[in-house]
Structure formats: structure tokens, C-alpha cells
Amino acid sequence: MLPQFTTVAEAIANIGKYFPENDFVFQDLAGDETSYTFVRVEAETAARGKAMQDLGLEKGDRVGMIVIEPEDFVLNFLACLRVGVVPVPLYPPMSFGALDAYADRTARVLSDAGARVTLVSKRLHSVLGSLVDNVPSLEALVTVESLRGATGTPTYPTIEPDDLAFLQYTSGSTADPKGVMVTHASLVANAKGIVTEGLRLDPTVDKGASWLPLYHDMGLIGFVIAPVCHGIPIVFIPTLRFIKRPNVWMDTIHRHRATTSFGPNFAYALAARKARPSDLESWDLSCLRVLGCGAEPIQPETMRAFTALFASNCGLPDNAILPAYGMAEATLAISLKPSNEPFRTVVVDAESFQENGQVVAPLNDDRAVLEHVGCGVPFEGHEVVVMNEAGVVLGNDREGEICVRGPSVTPGYFNNPTATQAAFRDGWLHTGDLGFLHEGQVYITGRLKDLIIVNGRNVHPQSVEWAAAEVEGVRQGNVVAFSRPSPSGEELVVVCETMGVEDKEALRRDVAKQIQRELSLATADVVFLERGGIPKTSSGKLQRRKTRQQYLDGTLGSEGTRTPGAASRRIAKPAARPVMADAKSTLS
Amino acid sequence: MTDAEIIGMIQEALADVAPNRAGEFNDITVSTTIESLGLDSIATMEMVGFLEERVDTTFPDEELTAVSTIGHLANLIRTGKAA
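Going line by line, the protein sequences match chains C and U.
In terms of my numbering, the first sequence opens at residue 9 and continues consecutively.
In terms of my numbering, the second sequence opens at residue 10 and continues consecutively.
Bear in mind the hints are in silico, worked out from the structure with no lab data behind them.
C-beta atoms are modelled at their ideal positions from N, C-alpha and C, and glycine is treated no differently.
There are no misleading hints in this set.
Distance condition first, Cα-Cα at most 20 Å in a straight line; then the derived EDC-like pairs of lysine to aspartate or glutamate:
hint	chain 1	residue 1	chain 2	residue 2
1	C	Lys521	U	Glu33
2	C	Lys512	U	Glu33
3	C	Lys130	U	Glu71
One-sided and incomplete, this derived list gives chain C residues near chain U with beta-carbon spacing under 7 Å:
hint	residue
4	Phe104
5	Ile251
6	Lys252
7	Asn463
8	Lys521
9	Arg525
10	Leu529
This is chain C alone, in the form it adopts within the complex (with noise of 0.2 Å):
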């Protein structure tokens, strides 16, 4: 086994110790794949430490990266943290157009990390070529390809398990970004967790295989950061490609052998909807010890109906699938499933859990229930509570604010002592999310904060209402946005004040056109109300909870209000029959 590192910046120095024909792969758009193997990872991150201080570049310094392929993206990442350089990683430019939006979040990004230099992609440095302006720390932006083929030693400076690895902004946030402090020591401590405690990874037998981005958590740290620390051999497919391709998904798997791997909701519907019988036939996924899920509540038929294909006709095991909970301010995970269990769900009484937060079996056959996934256990040195809204500590089965402390918690937000406040309070952070314990186990129900997720990407409402309220003929201030329950996750709703619209058909799709142009999102439903229509506390504040709620019940306002499809009844209030009939209903 790896000693135990006290920092990421030792663990890539040594990475080629101890299992040097380990290796990380590398596959670009195409699919052609490079094999590094962990003694040429470390040559190539050192040669590439010497060509960040050739660019002036001192510990502690800030340094955004905006880079699709993944060799680009791993081999820099990882050079920055042996010379202490702090990384900021942010997504490329996705999609048609939108660039403008595109360019303007970055900035704003890039100017709260007062970042010096931005590492881009080369086909994207005439794009982002504004952002040298507009961003006044700034100094340059650097294509990615002028970095291979660097040679020499670096100086190395004396890296601490407190000082701060790269900031991790939270994805959503527009108007007001947030740069999580990620240590050292917080990443030595998660990735200790999540390879030895939660997912028992074994460098000699276990490989992981990963599509998922790498400026997000669930990518850089689990599939980059852990396997570093403690000699796991990954292939990374371009994030692009899986969604371009997304049987390359499961293909990569079969071909590599590899037994790990992580995803979102949404990537499992989408994986089971593409297979085609030719491919079903081919795959062996027997190789396959765990199938992570995460960063997006989890459907628990999505992940019954993704067993069922792929255990049927590749071999998947039937307990392979392991619902995870976590958050970028607790580094990454918090608690995951025992990778030798099935999966476990708790079937509760909706009634009496939507209105007392209790969980408790249905009373009897008739009633509606509801039923939570369990996202495992929590790590050791890790303590996760339930907190009522006065800061008191609920006991198991009572549904709570779910608040954490331990190793992994990150030190707070980058220059942002208001937000830091907020979140971390008397030693815990406050994660925003709601949730039980039962049986040892953390169960996530919904969020305190009006967060929407749709497709494993955060999205504060604000910024969807504001844009719906440029539309002409909004009531401007008198937009909500909110999620509603789908088969594949959540999709998002936006309720408006309108005055004096005739035309209520152009009007919708206006709506959601604007938030489509300005956040590349796709609105499921526009409910129209007159005014007075969104319910709003004495003061005139609106009431999201409220109105998503009456809107999953039917009977928000009346003009435009639709009857919520089935899957959203396994949120609202006690339907007539039992509501897991319906939800499988519409997973065709």
C-alpha cells in the first residue's frame, strides 16, 4: 500500500514509486487514447511546473483553466499543484452560440479568483480572447498547447497541508460567484474516504473509467485527486464525447476492464435510453464493482431500471450501483454507500413525512408513500447531523437540515466572509440540504436552499427569474423558478406575473427562449398568473417553497396552471393511489 500523504503536491512527487505500471489514459474527441503511465505523470507534471514558473507564475498565485481535453486538463491541474500554483477550473463553452453569457459568468469567475493567467484550450483562445479586458487581474491567457513537450525541474517551494490546493467555483452562481477553498489537507482527507473507506479500492486490481467534467468535484477530485493519492490507474473520456456519444460510457468500461465509475442521474437514464441491442449483446460489464451516483437527487427507479437492462443482458452486478452524497464545501463526498450492499431505500408515509418531517412506515395499503434513497455512510472522523431551524440536533428518522464537520469540511469561500458566515456556522456547515438519518444512514429529501439542479448542474433560481423578468409583458420581481421531479432528474418550471398579454402561447415560449439564450437551459413549463397570483409573505416577498408546492398540489392561481405530471406526485401531497406506480409508468 502508498503511505499516507499529507498533501496532493507529495503524493503526485512520489506517484511513480509505487505503482509505476499504473497509468492514466487519456482518450481525446476522437477516441484515440495515450496511456501515461504514473512515472511518466510525474516526469511530465514536473516539466510542466518549470514551464509555470517560466511564466511567472509563484505559489499561491491564481490560475483559471479553461481546457477540454482531458490530458491538457490532468497533466496542468496537476503541475500547478506541485508548485503550489492554484488552479481555478471552469467549463468550456458547451453549446450553439450563447457565447457572450458565456463570456461574461467567466469573467466574473475569473475576477473574484483574481486569476493572472488563464490556461485554455487552443481552438477556444480567439473565443475567450474579451476575457483579457474584462477580467482586470488578468495578465494573460495561454493556450494549453505551448505548454507540451516542456522539459527541466521546477523549484519547488514548500507546499503545507493548510494551504489552499484550487478553488472550486459552485456552478450556478452568477450574479454572486463562490470560490470554494479546497486544502491539502481537505483532499488527502476526502480522497482517504473515498478510496479506503467507501469504495475499497485495491491499486493492483480496481481501475476507474470517468466522463465526467473535470471543473466539477465529482471529476477532478474522485477521479483525478483520490486516484493520485493512492495509485488508481483512471481513463478519462472528454466529457463532450460521452454527451455527443454516451455509449462510450459503458463501452470504455467493457474495453478497459475497468470496475469504477461515477455519474449523475441524469447520465444513467440517458446511458440505458441509447444502448442499442448490438451493444447490449457485446458489453461485458461483469468487470463493474461500482457505479457511483450523485451530484443530483437520485430516482431510485432510474437506477432499478439501469440495473435491470445492464445486469440482464452485460452481466452487471446487481449491487454495483452506490447513491453518494456530497458537496464541493465538504471537498466532495460525505457518505457512500458500503460498496458491498445493495442499494437501500426507506418506503415512507408521505403525509405524515410532509407534514411533521417523520419517518414512519404507511399507516396502511392505501395511503401514498414516498420513498428516499440512502446515500451510505458517513466517513470516519466525519460527523453528519440533522439541525432543526433553531440549531437543535434532531434525533434518527426526523427530517432536518443535514450539517457536517470533519477533516474534509474546506475552510470556506475565497474572499467572502459574508458567504463563509453563512454556511459555516459554530463549527458545522450548514449544507443547505434536507435529509434524515435512518439506520446509519444519510437519506437527502429536498433543499432549504430554492437550488434547482437540473442535469447535475446548480442553478439558482434568481438568476432564471431574472432573465425570464426582461421578457416584455413579465411582471418584473414577480417571476419564480423552481424544479419539478422527472424521470431523469429535474427539469425546470417558472411561474410569472404577467400585465395586460394577450398572447399567452408567444409569451411562454419568449420566456423560455430568454433563458434558454441566457443559461442554456430548457424550461418544461410556463405558468402564467395574474397579479397577486405567486403567494408572498406580509412584506411582499415571494414564496418559492410555497409556490412550487401549489403548483405540485394544482392548485397554483388558475389561467396556465397544468396538472403536474405523474412523476411529480411522488412529491406532493398524498395522491390518491400509491405513487411508486405511477413513477414507473413514465420510465419508458
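Starting from the known structure of chain C, fit chain U onto it as the hints suggest.
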């Protein structure tokens, strides 16, 4: 390929990525904007992947950022350039 053939192929791609909404794409023309299709960024790239596979090519990223209408997409399929 004619415009009609290409639009047919794009409709197939749309039906593939948004099976529940296939009926909404019957009336698209070269002047239909991509944003009016109401796809999120993942479904959009999934559609691009479907088209790339069909015509056995990879569209250059910098051309993708220039696409805003079905006509641009048709040009891309025909010539590898959006405009």
C-alpha cells in the same frame, strides 16, 4: 443533400434526443432558430453527436459556436462550415 433531406435528418436527430416532443419539430425550416427548439445544452450536444455519427464526421468546435439556425446546421452538415 437537399435542404429537405437535411431537415429530415435533423428532425430524426431531434426525435432521438427529445422523444416525447417529436411532434413539435414537424414544422422546422432553415430559418428556425436553435434556441426556439427549447433544448438544454446536453440535449443540443447529443443532437450534434447524432448528426456527426450519421454523416461520419466531427464538426469543428469553433464552427459550433457560430450556429444559431437550422440553416447554419444544414451548412455545417454539407460543408463543415456554419456560415
